[in-house]
Each structure stands twice: as structure tokens, then as C-alpha cells.
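Trainee: Whole structure, please, built from the sequences with the hints as guidance.
Protein sequences, first through last, are from chains A and B.
Mapping of the first sequence onto this note's numbering: position 45 corresponds to residue 45, and the numbering continues sequentially without gaps.
Mapping of the second sequence onto this note's numbering: position 42 corresponds to residue 42, and the numbering continues sequentially without gaps.
It is possible that part of the hints are untrue.
[Unchecked claim] Below, in silico cross-link-like pairs of lysine-lysine (BS3-like), each with a Cα-Cα straight-line distance of 30 Å or less: (1) A/LYS79 to B/LYS72; (2) A/LYS152 to B/LYS72; (3) B/LYS72 to A/LYS149; (4) B/LYS72 to A/LYS151.
[Said to hold, decoys possible] Residues from chain A shown here face chain B by an in silico Cβ test under 10 Å; the list is partial: (5) ALA17; (6) PRO64; (7) VAL84; (8) THR121; (9) PRO124; (10) LEU156.
None of these hints come from the bench; they were simulated from the model.
Remember, it's a predicted structure, so these values are computed and weren't measured experimentally.
Idealized CB from N, CA, C, for every residue including glycine.
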Amino acid sequence: MGGVNNAIRDSVLFTTADNVINWGRRSALWPETFGIACCAIEMISAGCSRYDLDRFGVVFRPSPRQSDVMIIAGTITRKFAPVVRRLYDQMPEPRWVIAMGTCAISGGVYNTYAVVQGAETFVPVDVHVPGCPPRPEALMHGFLLLQEKIKKSRALAGTALDRVAGP
Amino acid sequence: MPKPLPLAPASPVPKGVDCGLSKAHGVLSGQCDMTGMEFLPVLFMVAGIVLVAVATLFVSSLLRPSNPYPAKNMPYECGMDPAGEAAGGRFRVQFFILAILFVIFDVETMFLFPWAVVLKEIGLVGYVEMFVFMLLLLVGFAYAWLKGALEWEV
Numbered sequence: 001m002g003g004v005n006n007a008i009r010d011s012v013l014f015t016t017a018d019n020v021i022n023w024g025r026r027s028a029l030w031p032e033t034f035g036i037a038c039c040a041i042e043m044i045s046a047g048c049s050r051y052d053l054d055r056f057g058v059v060f061r062p063s064p065r066q067s068d069v070m071i072i073a074g075t076i077t078r079k080f081a082p083v084v085r086r087l088y089d090q091m092p093e094p095r096w097v098i099a100m101g102t103c104a105i106s107g108g109v110y111n112t113y114a115v116v117q118g119a120e121t122f123v124p125v126d127v128h129v130p131g132c133p134p135r136p137e138a139l140m141h142g143f144l145l146l147q148e149k150i151k152k153s154r155a156l157a158g159t160a161l162d163r164v165a166g167p
Numbered sequence: 001m002p003k004p005l006p007l008a009p010a011s012p013v014p015k016g017v018d019c020g021l022s023k024a025h026g027v028l029s030g031q032c033d034m035t036g037m038e039f040l041p042v043l044f045m046v047a048g049i050v051l052v053a054v055a056t057l058f059v060s061s062l063l064r065p066s067n068p069y070p071a072k073n074m075p076y077e078c079g080m081d082p083a084g085e086a087a088g089g090r091f092r093v094q095f096f097i098l099a100i101l102f103v104i105f106d107v108e109t110m111f112l113f114p115w116a117v118v119l120k121e122i123g124l125v126g127y128v129e130m131f132v133f134m135l136l137l138l139v140g141f142a143y144a145w146l147k148g149a150l151e152w153e154v
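Mentor: Written out as C-alpha cells, the structure is:
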């Protein structure tokens, strides 16, 4: 990390682009329609009219190709973990993961041979939402935390423009 | 781009004089001196479209993260391994060749209508020229037929 390259990344061009792009990204977080276990019921509830996640720009999409966020809502069995991983792989970048509920965070009470002990073991998790299951308000809080995280991130990281600016 | 119709020199319209008459027949005649300039705006439009498209692709290639890898490029089948006909990646598109053949004869028909409208004015040469055009298409059609383009392989 050279000082000159950081100076380029802290320049007005880069920071303005970061602000604009990150505003767009955090205002339209589209999660996959993807529920594994009982937490999915709370996720569905959060998406419906009473809690209305749409007002945060969170609209559920039926394909990972159109999604930005994966909500891992439920217990991940060993048999299903490769599927979850592939669905994560098939999302376009940038992409984020919310581990919803105790099972997705750590395996929860299911400390057995059949259950993966936490989504963190095979996908990078951005936000953990604890609860068994978490209430819809908790999921909303998770989305707000994710928006804060995106706000602080470098939007142009990994792009051709970023590579031009130096290593 | 509109292709000039096979109008014969025997046409009653004098060269480079009357643009109005040929238009009245619904024909874009190649005999009007203005024809070259008439399509200049179309050229500008095409150039503008190409410029905007290339600029958009270039700017987005600078600004987007790009990280393709095999698992990401796999066909999406709900996270499962692809099954069935599409599993091999590519599969035979039977309708494609038929669609191409259809388009050729569709265009031929499109040319036949204006030709029929001005048939009396363009005389014998124009009459024969259309048959030459159709003959060329028929040669292509016969070639496609002999190559088995019309066979339906299951």
C-alpha cells in the first residue's frame, strides 16, 4: 500500500464515485427468495405488508443472477451446504450475506453430525442476525447494519479503474 | 438500410429531374440526385448509436467489478447440478435454420410487393430482374435442402 496510490483513492473523483455508487447499492438490496428452515417464515413476514421490507429497497428476487444479498434463513445441513455455496457463487458481485438465526450463525441447538456449525465456515458472512428465530424487526436491523457497512466500503475496489490507480 | 429497387433505365422518370413522381408511387428511386444526401441523417443516427453503445460498454467495463469463475458461470438450476438436454452446455437448435430460411423468403416477399406496384413502369428489364433475384434465392434454397437443412433430426 503506497502513499501515492492511497492519495489517488482518496481523491475527489474516487470518493465521489464511492458515494454515488454506494448510495445506489445500499438503496436497492435485492435478496434471493431463499429460505431453508423456520427462520424463512420470519423472513417472509418481514417482506410482507405488515413489516414491508420494500420501503428499504429490499425486494426479493427469484434468481441469484438478479440478487445482491443472500439471507441464509435456517439450519444448513451438510447435504445442503454445497447448494448454498453455489447459490452464493452464482450471484453477481458485489454481493453480501446475512446469516439469519442461531442455526445459520453457529448451528444452534443442532450440534449433530448432519448440521454445518455456522454459515461462516463456507461463505463470507457480512451481518449476523441472532435469534431463534429473529423477529422481522431484527432482520430489518440487519439490513440497516448492512447498509451502514456498504456506506463505508470502497465501491470501486476490484474494478479496472481501481487497478489503474495502482496495487 | 433501404435497398434501391431494381428499377430499369427504361423508366419514364427522367434522371435527376423529378423527385416527386417516384415518391408518389411509394418508391425510393435511385434516380434522384438528392438520394445521397437524403440518407445522411440515417448515417448520423447509426454513427451516434454505435458511439453511445461503445462508450457505455467502455465506461461500465472500467467501473464494474469483474470476477468470472467456473462455478459462477454455470447454468443456474437452483444450486443443483444441471440435468437434461442443457447439461452439456450447448444443444441443437432445430428451429434456427428454419427461422433463417423463413427470413430469407420473408424479405423476398417484401420486395415482391413494391415490384408488383411499379411493374408496368419498369418494363421488361425490371420484370426479368426480379426473376433473376428469385432464381438466386432458389439456388440457395436448393443448396440448403440438399445439405439436409429441412430434415428434422430428433
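Trainee: For each hint, tell me whether it holds in the structure or not.
Mentor: Here's how the hints hold up against the structure:
Restraint check for A/LYS79 and B/LYS72: satisfied, since their Cα atoms lie roughly 20 Å apart, inside the 30 Å limit. With a CA separation close to 26 Å, the supplied pair A/LYS152 and B/LYS72 stays within the 30 Å bound. As the CA atoms of B/LYS72 and A/LYS149 are separated by approximately 24 Å, the hinted pair is consistent with the 30 Å bound. Of the pairs offered as hints, the one joining B/LYS72 and A/LYS151 holds, with about 26 Å between alpha carbons and a cut-off of 30 Å not exceeded.
The closest approach between the C-beta of A/ALA17 and any C-beta of chain B is roughly 8 Å, which is under the 10 Å cut-off, so the hint is satisfied. The beta carbon of A/PRO64 comes within 6 Å of a beta carbon in chain B, closer than 10 Å, and the hint placing it at the interface holds. Taken as an interface hint, A/VAL84 checks out: its beta carbon lies about 7 Å from the nearest beta carbon of chain B, inside 10 Å. Hint status for A/THR121: violated, given a least beta-carbon distance of 17 Å to chain B, over 10 Å.
The beta carbon of A/PRO124 comes no nearer than 14 Å to any beta carbon in chain B, farther than 10 Å, and the hint placing it at the interface is violated. Because the beta carbon of A/LEU156 sits about 7 Å from the nearest beta carbon in chain B, less than 10 Å, this interface hint is met.
Of the numbered hints stated above, those contradicted by the structure are hints 8 and 9, listed in ascending order.
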